[in-house]
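Number of protein chains: 2
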Amino acid sequence: MAERIRILDTTLRDGAQMERISYSVKDKLRIARRLDDLGVDYIEGGWPGSNPKEAAFFEQAKHLTLKSARMAAFGCTRRSSGSVDSDPNIAALLAAQTPTVVIVGKSSDVHVRHVLGTTLDENLNMIRESVARMKAAGKEVIFDAEHFFDGYGSDADYSVATLRCAWEAGADCVVLCDTNGGTLPSDVYRLVSRVRAELPRVPFGIHAHDDAGLAVANTLAAVEAGVGHVQGTINGYGERCGNANLCAVIPNLQLKMGLDVIPTEAIGSLTEVSHYVSEVANLKPYAHWPYVGQSAFTHKAGLHVNAISKMAKSYEHIEPHTVGNRRRVLVSELAGKGNIQYKIEELPVRLQLSNEQARELVSHIKEMESQGYQFEGAEGSLELLMCRSQPDYEVPFEVLDFLVLVEKRQGTEILAEATVKAQVDGVVLHTAAEGNGPVNALDKALRKALLQFYPGLASVQLTDYKVRILDEQSATAAQTRVLIDASDGESSWSTVGCSANIIEASCQALIDSLEFPLTRKRLREKSAAGMELVGEDRS
Amino acid sequence: MAERIRILDTTLRDGAQMERISYSVKDKLRIARRLDDLGVDYIEGGWPGSNPKEAAFFEQAKHLTLKSARMAAFGCTRRSSGSVDSDPNIAALLAAQTPTVVIVGKSSDVHVRHVLGTTLDENLNMIRESVARMKAAGKEVIFDAEHFFDGYGSDADYSVATLRCAWEAGADCVVLCDTNGGTLPSDVYRLVSRVRAELPRVPFGIHAHDDAGLAVANTLAAVEAGVGHVQGTINGYGERCGNANLCAVIPNLQLKMGLDVIPTEAIGSLTEVSHYVSEVANLKPYAHWPYVGQSAFTHKAGLHVNAISKMAKSYEHIEPHTVGNRRRVLVSELAGKGNIQYKIEELPVRLQLSNEQARELVSHIKEMESQGYQFEGAEGSLELLMCRSQPDYEVPFEVLDFLVLVEKRQGTEILAEATVKAQVDGVVLHTAAEGNGPVNALDKALRKALLQFYPGLASVQLTDYKVRILDEQSATAAQTRVLIDASDGESSWSTVGCSANIIEASCQALIDSLEFPLTRKRLREKSAAGMELVGEDRS
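The listed protein sequences derive, respectively, from chains A and B.
1 is the number of the first residue of the first sequence in the numbering used here; add one for each residue after it.
1 is the number of the first residue of the second sequence in the numbering used here; add one for each residue after it.
Worth flagging that the hints you see were computed from the coordinates, not collected in a lab.
Take these hints with a grain of salt, some might be off.
[Claimed, not checked] Derived lysine-lysine pairs resembling DSS-like cross-links, with alpha carbons at most 25 Å apart: (1) A/K135 - A/K62; (2) B/K62 - B/K26; (3) B/K366 - B/K310; (4) B/K408 - A/K421; (5) B/K62 - B/K135; (6) A/K53 - B/K366; (7) A/K366 - A/K284; (8) B/K26 - B/K67; (9) B/K284 - A/K284; (10) A/K26 - A/K53; (11) B/K448 - B/K521; (12) B/K408 - A/K448.
[What the hints assert, rightly or not] Label-pair distances were calculated between CB atoms; the ranges are: (13) A/Q461 - B/S22: 45 to 55 Å; (14) A/K53 - B/K526: 35 to 45 Å; (15) B/S459 - A/G268: 39 to 49 Å; (16) A/A2 - B/R190: 17 to 27 Å; (17) B/K284 - A/E367: 23 to 33 Å.
[Stated by the list, open to error] Quick partial rundown of chain A residues pointing at chain B, CB under 10 Å, derived from the structure: (18) A217; (19) A221; (20) G242; (21) C247; (22) P251; (23) P290; (24) K310; (25) E316; (26) V399.
Every residue gets a Cβ at the ideal spot worked out from N, C-alpha and C, and that includes glycine.
Chain A with its partners taken away, still in its complex shape (with noise of 0.2 Å):
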């Protein structure tokens, strides 16, 4: 087995083919600073030829400064019977400026007879082509031989014919597909075995899709069988059923094989980056993922619940905090004060919380949590609720009341309008706006108020809004949680708010939009001054 294995992260191409999955240019590229964080070798970012929004992903990922993580784009080889040069494909490819490319070619004859439609020779030249032309042109090209398997059992010698052209025209890397995941671990195996004996010094890879709900063990059985490179995403997102689950195949590796994967201290990060992930797409996470789920370390039998507080391992095939989640057990709620706790060291304003301070700010967290908040992904509502917890906070503005209508008649525009009541600094202010929609119109009103008083919050901009159900089975009438992202051009910040209502969660995720920066502006005020203050002492 290889010690080093290398993870070509897809989630951002093939895992945004699943259904229901939709990607902004800004959505991508957060991701794509979270996979570095978490130390994957290569991401993939998108197919430049394919659309505009894949182009202009790569553009602006041109300013990403990656700590370790490699970029690459994603192509197909040139058209048959075409040049290389003027194929539009290739030349979106180049003008992605990423070190890395990834060129899929058809690996099966089959499916170049009556897909591509194409002679199994022009094929050959296509590959020899592609590669060699992104080589010319200074990159690391990995070839990704689509439909290896099936094909391999269709016609093995020319599947292995089209590796090898890959190789000899330069390939760095020949990924072994099971495009259409349909193939056992064990023929996995076998057959990756058969071609390392046959091109033994081509270095492979492996991408395997989940259609037998086999991704992960095929992964690991192309690993025990040699390759060294591993392409999945993350949650296993990709179409149909998906991709091979790198939450599972990355642990897997490093944790039970013992290989060499990302960094040690990253893997801890590996639930954060699942969910995260899944809010960004917008996507309730599956509570029953292995190892980041937040159902993988729940316990719910009596019999195991006994056991676990014999022996926590009784039950658990790892300690779950090793991948970042943690154990619940369902009977009686047990404290994530340590998720909190880190989370509070995490803040980049220092707060003095006495011990008494901190277990009560745990306590009212998990009783909000209990109640669908999530400050997983709203950072600043996090910060506010520990700054509230302050006795010396004092908040810059209160909304005392609140209508919001929208009304439709036949024959006219739809109408929202909003009216507010806020107080700052013992002042009434009531004020109205109409908006698109009523959240918005309730936006218009609330700033209405406040910019009188903080005209700095002109440059705020509301950036993203999210809503997410709860409790699928009660819809409409379901506790909804609303996700707000916030920006002031310079810094950006996530706030959120819960309610059946969902006029009052966005009030709420809104109010704390505001809040935030300038909370912050004071905290920053005070801080400098104390260090004013030190200097001084010191004169």
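For chain A, the structure is supplied; the task is to place chain B on it using the hints.
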């Protein structure tokens, strides 16, 4: 490999340990009947010794006529230092009066010492006496060797001794349990092969958990190593990350490995059984489940759709209908006319569309998509659009006006109220309702109006409500897309609404979610009437 694989389904016992699952006795009986239809060999119905509800199930299960499955009751070995004849758990097992019993015993020295708190010898006595007592009562006995794989790593000789002890006491099958779900497939294969060599006459089974995302693979590895008895649950339900998912295990064994598992005709009902169990469990089915998930054969990428139209199996590992599932092609921003044409042909109700109408419909859909509608996850609205394009379409109801009001005043609870003016068959209805939030109030007011005309809508439940902001830069002023999932208990559908005003977008999706079942019912009635007419013509 064993040619005939026996399936023990533990959906009703281990599967019921899953978070949020709580079956009534009636639920369990309904599921047992379906499992029998599916052709599993054993239905592990519960643990009669654990609580009165479990015992009540077995009382009623006596009257269940099963075609091919055997009912099995589950229980642990007698208590340490006790007598098998006075053990309440053993007594409950006998009282269940099932032809088969499953006895679970400890197979790991560490667990015997630290969890049971007894000696290694006494544990062997407990296994021996408990198995023997059941054999004396004429039962078929399956012995579950709990923590076998972990135990083998700690004290292999002792683990094997527990297996031998159960076998010598008369057990008909000895099941190797990966209780914590942390074992890798290659280790499962190696250890199963080893104990089969040590105890060549023992018929072995496998019980796998999915904590490392490997339960299906571990099950296949054990079968490849020679076990002939497989335990798992429908949908992989179970504690933590769940048990081996029989909806993947069964087709893998039967369709890919060519083994005899369940009747050939029954495998076509697998998708239906999967959805039935999730319906009874009141859990939303996971769309990305292998074989049976709604997205398992769903194609989104233009490249894939293009390939599929040339060769169906190009991106499918099996024919979807083999397991009772179906191919879906998503209509997304990338889609061309081909996708939409494909979609029209896929409709359960045949529409008569001229070429001109089809072209108009396609351009209408594309226009709506450019405004932000997304029909990819909203086939209900798409089907309605198609129906509405028919010249003889009769709209079942029309919403003329609505008004929504959300009010929060100091010291009072938040209020949400809606009024709706709707028209059905020329009658104008004006209703009002309060709700948890504005959309809930609107939903209630609308239903209040419609239920007078369409009492059948009472069975329609909204099961999910999602909101996505499209142009995040505009934040609360942005175009908003609302997706609603609804179900009448038999089938489910998704609808979409889109507007800068979240209330308007919700109202559109809400209207579609109620119009959809009314329209489908009418079309079905028309279609049935048409068939009768043909019959009459013939007579």
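Going through the hints against the structure:
no., hint, result
1, A/K135 - A/K62, "holds (20 Å)"
2, B/K62 - B/K26, "holds (13 Å)"
3, B/K366 - B/K310, "holds (24 Å)"
4, B/K408 - A/K421, "holds (10 Å)"
5, B/K62 - B/K135, "holds (20 Å)"
6, A/K53 - B/K366, "holds (18 Å)"
7, A/K366 - A/K284, "holds (20 Å)"
8, B/K26 - B/K67, "holds (19 Å)"
9, B/K284 - A/K284, "holds (12 Å)"
10, A/K26 - A/K53, "holds (11 Å)"
11, B/K448 - B/K521, "holds (20 Å)"
12, B/K408 - A/K448, "holds (19 Å)"
13, A/Q461 - B/S22: 45 to 55 Å, "holds (46 Å)"
14, A/K53 - B/K526: 35 to 45 Å, "holds (43 Å)"
15, B/S459 - A/G268: 39 to 49 Å, "holds (48 Å)"
16, A/A2 - B/R190: 17 to 27 Å, "holds (21 Å)"
17, B/K284 - A/E367: 23 to 33 Å, "holds (27 Å)"
18, A217, "holds (3 Å)"
19, A221, "holds (7 Å)"
20, G242, "holds (5 Å)"
21, C247, "holds (8 Å)"
22, P251, "holds (8 Å)"
23, P290, "holds (4 Å)"
24, K310, "holds (5 Å)"
25, E316, "holds (6 Å)"
26, V399, "holds (8 Å)"
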